[in-house]
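J.: Here is how the chains run, residue by residue.
2 protein chains.
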Amino acid sequence: MNSSENKIIILGAGLVGSLLALFLVKRGYNVHVFEKRTDLRLDKKEEGRSINLALSRRGLKALEKVGLMPKVISHCIPMPGRMVHTIDEKEDFQPYGKTGQQINSIARLELNCLLMDAAEQAGVFFHFEHFCGKVETEKNEAYFTHQGKTLSHQASFIFGADGAFSALRKAYMRAPRFNFSQQYISSGYKELSMPPTPKGEFALDPNALHIWPRQEFMLIALPNVDKSFTCTLFLPFEGKISFDSLQTDKEVNSFFEEHFSDAKQHMPNLLADFKNHPTSSLITVKCFPYVQNHSLLIGDAAHAIVPFYGQGMNAGFEDCFVLDRLIEENCGLSKKVLHAFQEERKVDADAISDLALYNFIEMRDKVTDPLFILQKKLEQRLHKEYPKQWIPLYTLVTFSDYRYSEALAIAKKQQAIMDEVLNIPGIETAWKSIDLKEIIAALD
Amino acid sequence: MNSSENKIIILGAGLVGSLLALFLVKRGYNVHVFEKRTDLRLDKKEEGRSINLALSRRGLKALEKVGLMPKVISHCIPMPGRMVHTIDEKEDFQPYGKTGQQINSIARLELNCLLMDAAEQAGVFFHFEHFCGKVETEKNEAYFTHQGKTLSHQASFIFGADGAFSALRKAYMRAPRFNFSQQYISSGYKELSMPPTPKGEFALDPNALHIWPRQEFMLIALPNVDKSFTCTLFLPFEGKISFDSLQTDKEVNSFFEEHFSDAKQHMPNLLADFKNHPTSSLITVKCFPYVQNHSLLIGDAAHAIVPFYGQGMNAGFEDCFVLDRLIEENCGLSKKVLHAFQEERKVDADAISDLALYNFIEMRDKVTDPLFILQKKLEQRLHKEYPKQWIPLYTLVTFSDYRYSEALAIAKKQQAIMDEVLNIPGIETAWKSIDLKEIIAALD
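Sequence order for the protein chains is A and B. The working numbering puts the first residue of the first sequence at 1, with every later residue one more than the last. The working numbering puts the first residue of the second sequence at 1001, with every later residue one more than the last.
Hints were generated in silico from the structure; no laboratory data involved. Not one of these hints is a red herring.
Calculated pairs, SDA-like style, for lysine to any residue (alpha carbon to alpha carbon, straight line, at most 25 Å):
#1 B/1286 x A/177
#2 A/170 x A/354
#3 A/240 x B/1178
#4 B/1036 x A/178
#5 B/1335 x A/186
#6 A/36 x B/1176
#7 A/227 x A/278
#8 B/1366 x B/1351
#9 A/61 x A/81
#10 A/65 x A/330
#11 B/1227 x B/1095
#12 B/1286 x A/350
#13 A/170 x B/1138
#14 B/1090 x B/1379
#15 B/1286 x A/357
#16 A/286 x B/1178
#17 A/240 x B/1177
#18 B/1071 x B/1226
#19 B/1036 x A/173
#20 A/134 x B/1134
Only a predicted model underlies this, so the values are computations on that prediction, with no experimental measurement involved.
Could you build all of it, start to finish, from the sequences and the hints given here?
T.: Listed below in structure tokens is the structure:
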């Protein structure tokens, strides 16, 4: 046990844990991060289970506040839109927003190393191979197993940035009236690789998030700075077309041949990847409260979401940004700050959680629906002519400073109006001459 | 470790565990029930935290199948309706159904003892003070702490009838893709007593479930065979009027004086009860799957619900009834039976779970709403004239053989029709002469 004066324990040296550490050390705290794994930086091997990340406004704002924005951006590849690959091998580019608005592809491992380096340089202490077996929040004490021994550490505050299966949250589960839910979707995912072409070029247009939407399943590909793409197959675990039904090389081959032939030609390691990479599941975690005594759940530990809006990391980084703002407003970390944090963030976490689940349907199914495409075009026109009155949902979530909960509320209102507009007979041709002013008026 | 041939382990000797044991021993299995507490029958003291139970059709059907119906009924007091106590001390009796339809008040302890006696006489082995610390479903093995020692038992099947905080379910939590949620409502409850009057009579009409509905909170009272009533106060934990705000005797007294003065005059132990009885919370648990290897969650362990529809025990007993039917249909217990059970029961458990949450609002708030009362009367007329076409929701849930999920679906349809009828201008007086045939026609 050591002195807990001004000391902060963060569980988890992942993206959120490392960024949080950096925010807190910059505010003068004595920050100790405990991570159950070894130091990522010593053995930079990919685990074959990470969807590439799409950094957008919320994440960038947080990185900017700690001065890391330029460095991170240099590791990113901008993706201004989706490239939709239809079953007949056509490509349809759908911009995410206006010119200049883009999401940014970055490898999780790269970003994590960069954050840990920055935190360490700023004075954060990292303790690797420390498995947190227990937290006693009433005593501000966490217990770790390290090299076969049990150690305990006390601190003024304990943060659980330890992901969807948080050890801190396990302590909360024993407390009275802790609301908790974990829900898996019926699809899983598998990471696959698409290396550079034999000539050393990107196999596909690098400035897009590529999607092969096939209703019940989909393949996506995000670019890397080494000119490879990280592909992810999302597919039901069970059923007629499912991971269960793809057992042999022949089955995998013919599945890809049938549904993703244009991608398959660029995937020389397909069979090996398919065999060697795990099939992972996708969880949504909701809970409340986030606070117990002097401890706080943050990031995935508080609100793990499915990856389909590309907002998991961005939401976690925004958590750090909001917490830092509250620390500033309240002249230091306190129980009051933790409570203010959960009051503010819970509704936003719930909103992005629901939006992320919805976006799976949009990505795998709707992006090829003519009415959906028409709506996107119409909304882009509306946004262009009335940039402050009509902001499409994707823009609200990805490129704006609106809270997630506000974005959801605005989107519901806008969708109700759009549903009526799309119901107009002959809208397929009439949309170009439609009276935008009337649509805007309906917002009031 | 002992031979597991034909052996069944049931965790929990509560209502569902004891009844399940009885069903299984009657089918020829070697049934062992493990209970963490001491034998209830040796020390029959009430814990001051049990809402009285309202046994209705689903529970009775299960008891009938094991031959216990007559005995149990002799310990019950029939409640053919609600007695609503308004703030101005008026009483309004609202029948639950038709003449002869009633729910039955019984003390949890009495019923539990009776079930354990019957199970034991039929050959079930009860093991008390066995705390289940771990279950390994892949090995069909459960580990218990008993008198300081750790024991393990193997069996062909393991049932978790161990309630809302099930030890078996903890094992499931570690499995991949286990969906789970626990949600507390913001109100808690406290048991209070209303002894017989000095003359040895019931203080209130014994043949009713008494409710003092006060919008955000309520008091209820259920009769006991000893002519006492068991009262339960449901009240928010926090807020202006809450358990938090009732700290002193004076505060408790004036709260009851203001809101429940007619009940208070019959509650001589109010202050002592209020101080000594715990304030308990109300949890809803949903999960899936119920099956893992050769184990099954049943009753509250699978689907704890709030008590406001009086269906927690009835749903658990119906679980046993359904399982027994499936065993019969499949000529014995098997993994297939367990899977058939969860396929059938999950939707029904979800339905009654949602209905129970809804009924809190109905009980504490709606029962004094003139439109609600009018709807009840109108539905009774409809049910009387068209007994098979129009069955009110309460009747579907409480007195019918419809599945909970069917009841919910029918109710939604009926409520949509009722909402229109209640919108008719002047319905307050017009309802008596309304054309019932037209309402029935709207069902198609």
